[in-house]
Amino acid sequence: MFNLYRNEMRKLWAKKSSWILLLISLTLAALTAWGMKALNTAITSGANSASTAGVSGGSKAADAFLAIFSMGNSLVSIFAIVITAIIITEEFSKNTIKILLTRPYSRHAILFSKFLASLSYLLISSLTVYVFSILLTGAFFGFGGLTRTVTQGMNAYVYGIAAVGTAFLANAIYLALVFILAAGMRSQGLAITFSILMTFVVGIFSELLTMLMMTKHWYWLKWNPFNLLNFNPLVKASSSPAALSPVGGIIGLLVYTAIFYLIADYIFNRRDVSLS
Amino acid sequence: MADTTDNTVVVDKLSKKMHYVQILKDVSFTVQKGRILGLLGPNGAGKTTTLRIMVHLMRPSAGSVSIMGEDVQKNFTQAIRHVGAMIEAPEFYNYLSGFKNLRLLADMSRKRISDDDINAVIKTVGLANHGNAKVKTYSLGMRQRLGVAQAILHKPEVLLLDEPFNGLDPAGSHDFRILMGQLRDQGTSIVISSHILSDIQALADDLVVLQHGEVTYTGTMDELVSHGTNHIRLVTAKPDDTVVILQQMAAHYTRKDDAFDITVDTNIDPHDYQKKLAETLFNAGIPVTTMQLQQASLEESFLALTKQEEGDK
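Here the protein sequences come in this chain order: A and B. Under the UniProt record's numbering, residues 1 to 276 are what the first sequence spells out, in order. Under the UniProt record's numbering, residues 1 to 313 are what the second sequence spells out, in order.
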């Protein structure tokens, strides 16, 4: 199993697209840092420190980190979805699936190694953006302010890691959904298009169901998978019956990820590798 | 024929239906240890589908495939350990070198295969100077060689090769034939599907002919050749008397001056017929200048067989 995972990681990082997508995220973070620094310099020199002295250097750094990190991370999930769609469909579109499936490993093991590789790409990208955001903040605003509290008693370092973990859990569901699409499709382009479209459709469904959840008899709809995709344990839960507790939300995310993955696994296992 | 315990591959009543179309129907054959089986058939006969089912890329609607005693459908990972396969055109990860492609596949073989082993296989298939080049720079022939390399990398007991001669130049075909001969001598069982009949003729010990998804012939190469139309070229000193004899024998012939081209029916042994003709002419006192049996090639025999099956449909 480890051999399969290692092979998937080798293939993943041997492709230029994996690096380019990560570089785009890092570039976005760098541009945000540069923009914030320029803006900060303009404000400081314009006001000549007359009335802006109320904003300390420490909070500037913390705010800058939040902005740089969230901007850099904004595309990571979309890029992980694209990479996930490619990781399966490319094997079919380029016909390399034949040499992969005629090795002494079950299709379950092959698909699972691909899922692990997709999750790894998501995690590595998020962590890279996190580390890069810290370095950029330190370079432009100094490291001192990063130890100040940014939200819920967490400093920037801790908040960043917590945000990476939360996004990872929520995006794992998306990746499992993409696996369902990709396992049944042959076209790489279609799988990517449908996967990205799916993220928007899911958003719309989520909004509709949220409205229903607010009514008295429909609060149990909080367990629908679309609602869980919006779950964020870093935001303090309300006392509404429709609110999810951090533990409940995390368990829900894991359960739905497992369900969607098993559906993808079933499709992949039943699929004939038909004539090209 | 070897004992059935020598069977390394057993294909038993394989059927496949796709979208209400019967692709394969009750296909059965066996491959013995150290033998090369040629899988012949016109386009669309079901050769590739059969090979795909043999390596579990497709599921059969009915029937089974057993390799080295392991059922491919029920115990895939055990069965496939013994198999090296190249199904249709070989495809690789274009962004990796030939060596790195083989490294990936070697790591999936469940056998310890060193970098030196990989380099040795690359040399065996004639890619020694191209192992580090990316596959996207390879010609069709080079890809074909790499396809053979990945199939033999883990020294399998059974090799399944679909149209392995595609894209190979004459030198490449020659090298391939020598390699297959060596592997057979080492005890490897090989199944080769090809539409290039002369290549099959030069390699295969046994043949299976598929048509419309059904096996229409199973046997040795010599037996199939006997299905073809054979001719006897005859020149005698008394051509007019010869005509009478041939008419008495109800022979099918054409005549040009003193030379005859006699067609021997496919259901008659051409050697027996030649002997009988010689005796009859001798008894009639007709001096024979030339009598030459021209046996059908595999291609002629194959065409005769497939046309006969078409007629039976």
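Everything labelled a hint here was simulated from the structure, so no lab data went into it. Keep in mind that a hint or two might mislead.
Below are the PhoX-like pairs computed for lysine-lysine, each with C-alpha atoms no more than 20 Å apart in a straight line [to be verified]:
(1) A:K15 - B:K136
(2) B:K238 - A:K94
(3) B:K134 - B:K74
(4) B:K134 - A:K16
(5) B:K134 - A:K15
(6) B:K123 - A:K16
(7) B:K100 - B:K111
(8) B:K123 - B:K155
(9) B:K238 - A:K15
(10) B:K100 - B:K74
(11) B:K123 - A:K94
(12) B:K111 - A:K16
(13) A:K94 - B:K276
(14) B:K238 - B:K256
Listed next, the stretches of chain B that the computed footprint assigns to chain A, with coverage defined by at least 3 CB atoms under 8 Å from CB atoms of chain A [to be verified]:
(15) 37-47
(16) 107-113
(17) 121-131
(18) 197-211
For each residue, glycine too, the CB sits at the ideal point set by N, CA and C.
Hints violated by the structure (listed by number, smallest first): 2, 3, 6, 9, 10, 11, 12, 13, 15, 17, 18
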